[in-house]
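Listed in order, the protein sequences are those of chains Z and D. Position 246, counted from 1, in the first sequence is what the working numbering calls 246; the numbers after and before it change by one each time, with no gaps. For the working numbering, count along the second sequence from 1 and bump the result up by 1000.
I should point out that these hints are in silico values taken from the structure, not numbers from a laboratory. Check each hint, because a few of them may be wrong.
Chain Z regions said to be covered by chain D (calculated; three or more residues, Cβ under 8 Å) [unchecked claim]:
{"id": "1", "stretch": "14-21"}
{"id": "2", "stretch": "228-238"}
{"id": "3", "stretch": "272-286"}
With beta-carbon atoms standing in for the labels, derived distance ranges [claimed, not checked]:
{"id": "4", "chain 1": "Z", "residue 1": "D293", "chain 2": "D", "residue 2": "G1147", "range": "53 to 61 Å"}
{"id": "5", "chain 1": "D", "residue 1": "C1296", "chain 2": "Z", "residue 2": "D219", "range": "18 to 26 Å"}
{"id": "6", "chain 1": "Z", "residue 1": "G198", "chain 2": "D", "residue 2": "A1334", "range": "26 to 34 Å"}
{"id": "7", "chain 1": "Z", "residue 1": "E231", "chain 2": "D", "residue 2": "A1334", "range": "20 to 28 Å"}
{"id": "8", "chain 1": "D", "residue 1": "A1086", "chain 2": "Z", "residue 2": "A337", "range": "37 to 45 Å"}
{"id": "9", "chain 1": "D", "residue 1": "G1147", "chain 2": "Z", "residue 2": "R338", "range": "47 to 55 Å"}
{"id": "10", "chain 1": "D", "residue 1": "G1246", "chain 2": "Z", "residue 2": "V60", "range": "53 to 61 Å"}
{"id": "11", "chain 1": "D", "residue 1": "A1048", "chain 2": "Z", "residue 2": "R151", "range": "47 to 55 Å"}
{"id": "12", "chain 1": "D", "residue 1": "E1231", "chain 2": "Z", "residue 2": "R93", "range": "48 to 56 Å"}
{"id": "13", "chain 1": "Z", "residue 1": "S318", "chain 2": "D", "residue 2": "A1086", "range": "54 to 62 Å"}
{"id": "14", "chain 1": "D", "residue 1": "R1168", "chain 2": "Z", "residue 2": "R151", "range": "15 to 23 Å"}
{"id": "15", "chain 1": "Z", "residue 1": "L310", "chain 2": "D", "residue 2": "R1290", "range": "45 to 53 Å"}
{"id": "16", "chain 1": "D", "residue 1": "L1047", "chain 2": "Z", "residue 2": "K287", "range": "49 to 57 Å"}
{"id": "17", "chain 1": "Z", "residue 1": "D293", "chain 2": "D", "residue 2": "A1113", "range": "20 to 28 Å"}
Think of the CB as a built atom: it goes at the ideal place given N, C-alpha and C, for glycine as much as any other residue.
Number of protein chains: 2
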Amino acid sequence: MATPQARPIRFAAIGLDHRHIYEMTGRLLALGGECVGYWTEGEPQPLAGFIKRYPHIPRVSDKRRLLHDSTVQLILTAAIPCDRAAIAIEAMRAGKDVMTDKPGCTTVEQLGALRRAVTKTARFWSVTYGRFETAAVTRALELVGLGAIGRLVQTIGLGPHRLNRHLRPAWFFRRDAYGGILCDVGCHQIDQFLTFTGSKNAEIVSASVGNFANHGDADFEDFGEMLLRSESGCGYARVDWYTPDGLANWGDGRLTVLGTDGYIELRKNIDIAGRPGTDHLFLIDHKSTRYIDCGCAERPYYANLIADVLDRTETAMSQNHCFKVMELALQAQATAARLGG
Amino acid sequence: MATPQARPIRFAAIGLDHRHIYEMTGRLLALGGECVGYWTEGEPQPLAGFIKRYPHIPRVSDKRRLLHDSTVQLILTAAIPCDRAAIAIEAMRAGKDVMTDKPGCTTVEQLGALRRAVTKTARFWSVTYGRFETAAVTRALELVGLGAIGRLVQTIGLGPHRLNRHLRPAWFFRRDAYGGILCDVGCHQIDQFLTFTGSKNAEIVSASVGNFANHGDADFEDFGEMLLRSESGCGYARVDWYTPDGLANWGDGRLTVLGTDGYIELRKNIDIAGRPGTDHLFLIDHKSTRYIDCGCAERPYYANLIADVLDRTETAMSQNHCFKVMELALQAQATAARLGG
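Hey, can you work out the whole structure from these sequences and the hints?
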């Protein structure tokens, strides 16, 4: 899919508690967006890096200045996960669309309130699921759509992350704040499963979470897994916070897409002891085994999102899908067996 | 572990219905064993290849000649899976140890009879689980045992297989004959999980089987998956019969062993679009990311098995473990959700 031509929008950021705000802001700026300002409480760890990257963006002392600015079309938030829903709802009520860091919310009550706010305000609420940041995923989806591996049977997603304890604020280890590992980093996996299988819904067949390496933080979960199923395919996903320091990347994210006539493996962030760079795709079909470098593939989410703001479309992601992902992530989290400890 | 010095034994083969009999026979011959003869019913597909590889081994027209030969210490069987238990029991009653192709049996009734026969005859029944044939697994077990990845948290095993329809006899597609995909090729995965986690038992948390690509064979299962759990770790395994023709190997078998302080990936049979050969191990810990070629690692099963025949030891595998693997495989198979169709 070709990236639509960029058209400028005006946006603002509220809540800079996670470093993801760098990418969220930077990608919109690169597409011609203008960030009119940001508001955040106190001095969260990512603040210094934000100021360094974007010294021209002014900080405001009252977030209402951003919410009441009629020229602002979109609000970004990377606040503490449990606070994101309230910020998003406030923004939508003020007439703004919302792009939120993942997870978009941490409770079913928040999700219900977000759904009602979207309906009432006719604004959109978009969660930047990890798929949007991986060019190899764009290419893999194209290949699957073209029938390159026959009928899709199953996906296996691995989402390891580096803990980087020294960079993490206290809320990172508080389950009520980050929402649990399947809510937090598991939502990407659900998004990916639904997208690759073309499913509108899925059954959480089994789920578990555990704390095996961080007993000092009783509330933290460093391991999670889910078995998913829909009418269009099977899925398994594992997430964890164990990435060892000897890996030259924050996480050896993988995706294996199994079809009746071939399979695709993505090494999203690194090809261990192999090729340099990111976005490695391997396609094996009845004819051959091929390596495809996806470094040049599109990541159309941000450009599509801008179009959605301006045109009131749903090209970046359907609103229903966005909600369903968080609904299932919260369901997996709530029903997960608790292991370790 | 050093391979014990080979000591000659005398063995015979009963039932040549699966090509695995080539390797089973060949490895014992290479270690100094003497195959006194074989018996098989009719003209199974692997027979011609067996005669070509081992023209010196005589065929006998009555299997009792082998069973009543007091110099024969070990009986091999790669009969049709549902017939293996009866052959094994007959052999043990005749005073022989047994090495059987996997799966070792196809029903819980057979398994019970095998357990009783082992107890009564004091002979052993050994199933050649796939782990024994992969040198990289030997090396990975050593590394895990040395604490190379910290506390073991989880294993993920992928066991794709090429269907090779033109080589398969009718029984291959009959569920009562091959036992179902989780019994047949799933037992390797259970063996691997129990071994890596050091577990004596496991819970089959969830299992499913499906037929997504072979609707003409209603009894066939071309997909299976299991979620496993024990007090020592979590496990997920997927098996299938979809290996596409463009892969230069029968199956891209993988194992990922996740620890709190590192992880190991095995590319057992092939490194897609990568290094030549088999037995590729990648170790990532807090210090570095390393590739380890395990082509030279030991595969001690056969030498240990010969020692077990001669010394009445259990060095190749404990009898309890061998039974437990098939017990769990049959349990997974029996409880699996049936998908596709």
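Against the structure, the hints:
| no. | hint | verdict |
| --- | --- | --- |
| 1 | 14-21 | violated (count 0) |
| 2 | 228-238 | holds (count 4) |
| 3 | 272-286 | holds (count 7) |
| 4 | Z:D293 x D:G1147: 53 to 61 Å | violated, 37 Å |
| 5 | D:C1296 x Z:D219: 18 to 26 Å | violated, 47 Å |
| 6 | Z:G198 x D:A1334: 26 to 34 Å | holds, 32 Å |
| 7 | Z:E231 x D:A1334: 20 to 28 Å | holds, 24 Å |
| 8 | D:A1086 x Z:A337: 37 to 45 Å | holds, 40 Å |
| 9 | D:G1147 x Z:R338: 47 to 55 Å | violated, 26 Å |
| 10 | D:G1246 x Z:V60: 53 to 61 Å | holds, 57 Å |
| 11 | D:A1048 x Z:R151: 47 to 55 Å | violated, 35 Å |
| 12 | D:E1231 x Z:R93: 48 to 56 Å | holds, 50 Å |
| 13 | Z:S318 x D:A1086: 54 to 62 Å | holds, 58 Å |
| 14 | D:R1168 x Z:R151: 15 to 23 Å | holds, 21 Å |
| 15 | Z:L310 x D:R1290: 45 to 53 Å | holds, 50 Å |
| 16 | D:L1047 x Z:K287: 49 to 57 Å | violated, 33 Å |
| 17 | Z:D293 x D:A1113: 20 to 28 Å | violated, 56 Å |
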